[in-house]
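Engineer: Sequence:
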Amino acid sequence: MMTPSSKTYAWQQDVAVNPIEPPQLPADFILMTDAQPLITALDVRWVARVFDKQSGTEGLLIYEDNREVAHLTADETIGMLSYLIREASALLPVCDPTISAAHAQTMEQLRSLWWMEETRKARAVLAQGSTSQEQEAQG
7 MMTPSSKTYA WQQDVAVNPI EPPQLPADFI LMTDAQPLIT ALDVRWVARV
57 FDKQSGTEGL LIYEDNREVA HLTADETIGM LSYLIREASA LLPVCDPTIS
107 AAHAQTMEQL RSLWWMEETR KARAVLAQGS TSQEQEAQG
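All residue numbers for the sequence shown refer to my numbering, where the first residue is 7 and numbers rise by one.
Some hints could be false.
[To be verified] Derived DEER-like restraints, expressed as beta-carbon distance ranges: (1) A133 with K59: 35 to 45 angstroms; (2) Y89 with Q111: 19 to 29 angstroms; (3) G62 with R126: 19 to 29 angstroms.
No lab work stands behind these hints: they were computed from the structure. For each residue, glycine too, the CB sits at the ideal point set by N, CA and C.
Please build the complete structure, drawing on both the sequences and the hints.
Structural biologist: Here you go:
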């Protein structure tokens, strides 16, 4: 029987033996951070923070072989991150124990950051509401 700590996926062995380099970005983008591999089944796609020369905006680009797969604006990226944090938190208990242990601290930090941001937004809404009520009372 294989223990969780000794489990190695085929793609992990291949990447360890044959490090893979990201392909060239599509021409409309400027790389702002190192690309990271997103490995699903046998496909390797890359994600990187980029500047889109056409729209003049920053965001995340998922690409493969000099071809755009998906491009998220900064706002879309934050919305997606919020969703992913919630869903990943729910999935963490059912992950392979090795993966779960490796990412538990990161997930806890992300949850804390998410709650801090949600609290900041709520306070801003409450402050805006109390200012409006004060103005109505004075008006």
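Engineer: The structure should be examined with respect to each hint, and the outcome stated for every one.
Structural biologist: Checked hints:
no.	hint	in the structure
1	A133 with K59: 35 to 45 angstroms	holds, 38 angstroms
2	Y89 with Q111: 19 to 29 angstroms	holds, 21 angstroms
3	G62 with R126: 19 to 29 angstroms	holds, 27 angstroms
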